[in-house]
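Enquirer: Those sequence lines, one after another, are chains A, B and C.
Heads up: the first sequence begins at 1042 in this note's numbering, then just goes up one per residue.
Heads up: the second sequence begins at 912 in this note's numbering, then just goes up one per residue.
Heads up: the third sequence begins at 38 in this note's numbering, then just goes up one per residue.
I should point out that these hints are in silico values taken from the structure, not numbers from a laboratory.
Model, not experiment: these values are computed from the prediction.
Careful: at least some of the hints might be erroneous.
Anything over 12 Å on all C-beta distances counts as not near chain B; from chain C, calculated [as the list claims (entries may be wrong)]:
1) Ser89
2) Ser123
3) Asn133
4) Leu142
5) Thr164
Label-pair ranges, simulated between beta-carbon atoms [unchecked claim]:
6) Ser1127(A) with Ile1298(B): 33 to 43 Å
7) Ser1127(A) with Ser111(C): 35 to 45 Å
8) Glu1257(B) with Ala59(C): 49 to 59 Å
9) Pro1329(B) with Ser1127(A): 22 to 32 Å
10) Ile929(B) with Val1074(A): 17 to 27 Å
11) Val1266(B) with Glu1234(A): 55 to 65 Å
12) Ile1298(B) with Ala59(C): 51 to 61 Å
13) Asn1015(B) with Ser111(C): 11 to 21 Å
14) Ile1131(A) with Ala1093(B): 32 to 42 Å
15) Pro1019(B) with Gly154(C): 48 to 58 Å
16) Thr1328(B) with Gly1050(A): 19 to 29 Å
17) Ala934(B) with Ala59(C): 28 to 38 Å
18) Ala1325(B) with Glu1234(A): 45 to 55 Å
19) Ser111(C) with Asp1203(A): 28 to 38 Å
Incomplete in silico selection of chain A near chain B, CB under 10 Å [stated by the list, open to error]:
20) Lys1048
21) Arg1049
22) Val1067
23) Arg1118
24) Gly1132
25) Leu1136
26) Ser1200
Note that beta-carbon positions come from the ideal geometry of N, C-alpha and C, so glycine has one too.
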Amino acid sequence: MDNRKKKRGKTEGVTGIVFILCLVVVLVINLIVPDREKSGKEDRNLASFPAFSVESLLTGDFAEGVETYLKDQFAGRDLLRSLRVSLGKIGGNRLENGVYLGKNGQLLEDIQVPDSANLAANLEAIRSFAQSGQDIRVTMMLVPDAACILSDSLPAFASVEDQTQLFGMVQRQMGDSVTWIDTVSILNKYKNEKIYYKTDDRWTTLGAFYAFQESAQALGITDSVAEQFASYAVSGSFNGDLAAQCGAELGDSEEIDIYVPTLVDDDVVVTYVDEAQRTTSLYDSAALGTRDQYDVFLGGDRALTDIRTVSTGTGRLLVVKDSFANCFIPFLTPYFREIVVVDPVYYSGTIQDIMDTYRITDVLFLYSGNSFFTDNNISGVFTGGQSDQ
Amino acid sequence: MLFNSISFLFLFLPVAVIVYYIAPDRAKNGVMLAASILFYAWGEPVYVVLLVLSVLLNYFAGRDIGAKLEDPRRARLAVAFGVAANVAILAFFKYYGFLISQINLLLPEEIPYRELSVPLGLSIFTLQEISYLVDVYRGKAQVQKNPVNFALYAAMFPQILAGPVVRYSDMERQLEKRSVTARKAGQGAMLFITGLAKKAILANSLGKVFEQVAAMPTGSISALTAWIGCFSFALQIYFEFSGWSDMARGLARMFGFEFRKNFEHPYISRSITEFWRRWNISLVTWFREYVYLPMGGNRGTVSRNIFNMMVVWILTGMWHGASWNFIVWGVYCGIILVMEKYVWGESLDHLPGPVRRIYFIVLTLVGWVFFFSPSLGYSLRYLTAMIGAGAGFVDGEGGFLLLTHWLLYLAAAAAATPLAKAFAGQIMGISGNLRVRTAVTVTLYIGIFLVSAAFLVTDTYNPFLFRF
Amino acid sequence: MRDGRPGIAQILKYILALLAAAYIVFLLIFAGGSTRAFEDVKADMSPVLEASDMVERDGQALKRSFGLNSRDYSGVMYYSASSALSAEEVLVIRVNSTDQIDRVLEAVKARILQRTGEYGDYLPEQTELLEHAVQSVRGKYIFFAVSADAARYRTAFDESL
Chain A
1042 MDNRKKKRGK TEGVTGIVFI LCLVVVLVIN LIVPDREKSG KEDRNLASFP
1092 AFSVESLLTG DFAEGVETYL KDQFAGRDLL RSLRVSLGKI GGNRLENGVY
1142 LGKNGQLLED IQVPDSANLA ANLEAIRSFA QSGQDIRVTM MLVPDAACIL
1192 SDSLPAFASV EDQTQLFGMV QRQMGDSVTW IDTVSILNKY KNEKIYYKTD
1242 DRWTTLGAFY AFQESAQALG ITDSVAEQFA SYAVSGSFNG DLAAQCGAEL
1292 GDSEEIDIYV PTLVDDDVVV TYVDEAQRTT SLYDSAALGT RDQYDVFLGG
1342 DRALTDIRTV STGTGRLLVV KDSFANCFIP FLTPYFREIV VVDPVYYSGT
1392 IQDIMDTYRI TDVLFLYSGN SFFTDNNISG VFTGGQSDQ
Chain B
912 MLFNSISFLF LFLPVAVIVY YIAPDRAKNG VMLAASILFY AWGEPVYVVL
962 LVLSVLLNYF AGRDIGAKLE DPRRARLAVA FGVAANVAIL AFFKYYGFLI
1012 SQINLLLPEE IPYRELSVPL GLSIFTLQEI SYLVDVYRGK AQVQKNPVNF
1062 ALYAAMFPQI LAGPVVRYSD MERQLEKRSV TARKAGQGAM LFITGLAKKA
1112 ILANSLGKVF EQVAAMPTGS ISALTAWIGC FSFALQIYFE FSGWSDMARG
1162 LARMFGFEFR KNFEHPYISR SITEFWRRWN ISLVTWFREY VYLPMGGNRG
1212 TVSRNIFNMM VVWILTGMWH GASWNFIVWG VYCGIILVME KYVWGESLDH
1262 LPGPVRRIYF IVLTLVGWVF FFSPSLGYSL RYLTAMIGAG AGFVDGEGGF
1312 LLLTHWLLYL AAAAAATPLA KAFAGQIMGI SGNLRVRTAV TVTLYIGIFL
1362 VSAAFLVTDT YNPFLFRF
Chain C
38 MRDGRPGIAQ ILKYILALLA AAYIVFLLIF AGGSTRAFED VKADMSPVLE
88 ASDMVERDGQ ALKRSFGLNS RDYSGVMYYS ASSALSAEEV LVIRVNSTDQ
138 IDRVLEAVKA RILQRTGEYG DYLPEQTELL EHAVQSVRGK YIFFAVSADA
188 ARYRTAFDES L
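Please construct the entire structure, taking both the sequences and the accompanying hints into account.
Expert: Here you go:
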């Protein structure tokens, strides 16, 4: 008995020493390994050591900053993350950080329910703008998210909010003030094709193309658009933001296609207004070298972009959008003389500024369901009134 | 910083442990006190001043009582002052906001008021200080003349955040003399790792499930989902609480202190009375020693005893938080305990085992509904959802939650009973060879620690349920 | 110490109890948050701010200056100078939850940096003002001011809570 106890004591002693050693080793490793600025796998910037000040110490900010810094810069963080997510998957987990791990490697973002105050403010802003009698065509196109159309790919028993019903509610509220495009029915027709990315929350260019084909009329495009575009693959190594968000399918590679007009010239002058930069292509190939390759379309999300085309069309279109529109806009360039693109999240001017500066004839609201229902920036752009500094 | 934060695990702890082991015996208490003050100041840079003032106040109050021990009247006044001062500080921080907001409900116009957050660990160190003063008064302990030793007792970092509440008489001797051996350090490490795993892996994951259910409107929760939510919370709070206690005891042991067990597999109980002998033992003991017994305990008439019990349980409920649902929970527990003591306790003993367990589980889960509900209305609606009045009995949502967490529930159920420990024991004892056994044990524990670290470093969800 | 004279311990314990109480009161007055509604705080501070040369700005201006979306918070009051040559501005925000505080403070820090870069050596008085910017976090209220009268605005803020 005594001997067994002694033996157990030895075992315990060794465990204790090893544990403390582990802590020390990890401490040393973390001190030695240099800090990283960005995480490829998680698609975000990693925290750096917080600046010290008496103020930040007293509010507890400094302590929090150190903790975030240590977590973000923890050596082997990516490995630890895959360990945790894999363990979760083995244990049956199919909903990680807001992303459903669906069948066949399909990732689907959970459907968001709108905050009623924000939604009401946004809809009111859009409606009064549309009815302000400026004699412009206002079209509204809400695109369903993958979880709504590809519901067969959701994991077993998963139930999400009915986005079709939410869209219906918005459509009813907008009434006649806008021309409504029913993207749900359009995409449902093609749901067996690859209209959404597997590792990203956005639709593929194919999905956007189908939507464009069937909505061209409503946008005022009278020419037939059927044979006018050809597709080219620009990347075969795309890994989207949903994979980064949930930590699964990080090894998956997908293709990004662009569609180029075949019958007309596609010369454009694209001006990124806030950054005062100008380019002659709708595509930013430098983005293909970064993690978020989707930014190849229009250089990602910018506050205000002005696109001038060689189109014979007379219309000048304003697109109020989120990132879903970025791969849709190239389809519009043959038909509009000018396309002004505004993203309310970054744009800090007002709609009147835009209407005064550019002679807009048509307006298109193009949002994915989730972005639109979680947005609280749109109303600010439309109701802001004071002149700026 | 909290025990499950990276700053603590991989920065503070290794440094503190090494410095402590190197320090000569006479300096060990000072080292640990310094580490504790630093630990507290890191999390509460403003309130550390309050901690120091509270410790000094009680130190002198204790010496004052000691000086007056021979005069019972003066001693009683002195201890009354000390206890009152402590209770005043505690009550102010915890309940002043609640009190004013309740008064505001009655007034036509709301009075705005200044808010102060509750200092971390206030309840713990205040209860411990009260236990010191009363123990000295009763003669159960000597006055602690060494301010470092006293401060260490009150503010020791292993238990200041979330307990267990250690009575002074339990720690008195250990403050003067304790030993640290490799064996104790190892046991402490193993205990700490167990606690950390309970919190980082089990409690957090269960908490995520519960949060999902809690976010749903009660009308759309099916019975299956409601029960899953309730089970998840019951397990979450157990692993959260017992995890912290394990971490506290483990850390303390690494520094040579022995605390009593705070949880004894409470969910295998077969009655609510038994449950409260196995759950948060230190708190229940504290309330018994310093509230129940001084009020008269079970001496006197039955109605007086019932009164005493109800007061203790209302206070216990209030201790967990300043809101009506905690008070309701306290009353609920009190009533059942009174019933078990005087009404159906004996009949309960005659029932078969499984029936008793079902009785226990149902009553406990209903109790937890009161505990986690943000309002009384919500708790009643949740309870009706549990019997199918919400969205029926079974739905896809509930099925989804169950299927996607089957391993978690299995592991949690095993860990809540002595099963997990027995299983681990089997693994560790698998060979007769000492070297092999050591290797297996070390691998097992370091493996668990690694997985816990993986969860801590990469999980965004890491709540601290106890702003005590 | 067994006779009627109070012992040192007794005196000290009273003193410390008093100190603790005083510290708590001190915190309440100078560091405590407030449950006062934003409209009331704004109503109290408006007269003071309106009397200055500054103009009240809207949500888009807040976005332009700080990159913050006013709809994220439960209350925003932003005044800035009418002239582009002046760095004067006052911002009061009530956040919905304490996790938002970090983001606001970072935006404020970035704003100070950016403006200091803009004014640089050309307008040293403005750079001076920026260096002495005042900020304060009281519970869910955040206050920031760049102005020669920053101290006065701070007092108005403290009193309005």
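Enquirer: Hints first: check each against the structure and report whether it holds.
Expert: Do the hints match the structure? See the list:
1. Separation of Ser89(C) from chain B is adequate, the least Cβ-Cβ distance of about 26 Å exceeding the 12 Å criterion.
2. With a least beta-carbon separation of about 34 Å from chain B, Ser123(C) lies farther than 12 Å from that chain, consistent with its non-interface assignment.
3. Listed as outside the interface, Asn133(C) is consistent with that label: its C-beta sits roughly 15 Å from the nearest C-beta of chain B, beyond the 12 Å cut-off.
4. Residue placement check: Leu142(C) keeps its beta carbon more than 12 Å from all beta carbons of chain B (closest about 16 Å).
5. The claim that Thr164(C) is not at the interface with chain B holds, since no C-beta of that chain comes within 12 Å of its own (minimum 31 Å).
6. Roughly 38 Å separates the CB atoms of Ser1127(A) and Ile1298(B), a value that falls within the hinted 33 to 43 Å.
7. A hinted range of 35 to 45 Å holds for the C-beta pair Ser1127(A) and Ser111(C), which are about 41 Å apart.
8. In this structure the hint that Glu1257(B) and Ala59(C) lie 49 to 59 Å apart at CB holds, the actual value being about 56 Å.
9. The beta-carbon spacing between Pro1329(B) and Ser1127(A), approximately 29 Å, falls within the hinted interval of 22 to 32 Å.
10. Between Ile929(B) and Val1074(A), the C-beta spacing of about 21 Å keeps the proposed range 17 to 27 Å intact.
11. Taken as a hint, the range 55 to 65 Å holds for the pair Val1266(B) and Glu1234(A), whose Cβ atoms sit roughly 58 Å apart.
12. Our hint of 51 to 61 Å for Ile1298(B) and Ala59(C) holds, since their Cβ atoms are close to 54 Å apart.
13. Evaluation of the 11 to 21 Å hint for Asn1015(B) and Ser111(C) yields a pass: the beta carbon distance comes to about 18 Å.
14. The given range of 32 to 42 Å is respected by Ile1131(A) and Ala1093(B), whose C-beta atoms sit roughly 36 Å from each other.
15. Between Pro1019(B) and Gly154(C) the CB atoms are about 52 Å apart, so this pair conforms to the stated range of 48 to 58 Å.
16. Distance hint for Thr1328(B) and Gly1050(A): a CB-CB separation of about 27 Å, consistent with the stated range 19 to 29 Å.
17. At about 36 Å, the CB distance of Ala934(B) to Ala59(C) agrees with the hint of 28 to 38 Å.
18. Taking 45 to 55 Å as the suggested C-beta distance range, the pair Ala1325(B) and Glu1234(A) conforms, at roughly 46 Å.
19. In this structure, Ser111(C) and Asp1203(A) meet the distance hint of 28 to 38 Å, their C-beta atoms being roughly 31 Å apart.
20. Because the closest C-beta pair between Lys1048(A) and chain B is about 5 Å apart, less than 10 Å, the hint holds.
21. Among the interface hints, the one on Arg1049(A) holds; its C-beta lies about 8 Å from the nearest C-beta in chain B, closer than the 10 Å criterion.
22. Checking Val1067(A) against chain B by beta carbon gives a least distance of about 5 Å; that is within 10 Å, so the hint holds.
23. Given hint, Arg1118(A) at the interface with chain B, holds; its Cβ is 6 Å from that chain's nearest Cβ, closer than 10 Å.
24. Interface restraint check for Gly1132(A): the shortest CB-CB distance to chain B comes to about 3 Å, inside 10 Å, so the restraint holds.
25. Evaluation of the Leu1136(A) hint against chain B yields a held restraint, the C-beta minimum of about 6 Å falling below 10 Å.
26. The interface hint given for Ser1200(A) holds, since its Cβ lies 5 Å from the closest Cβ of chain B, which is under the 10 Å cut-off.
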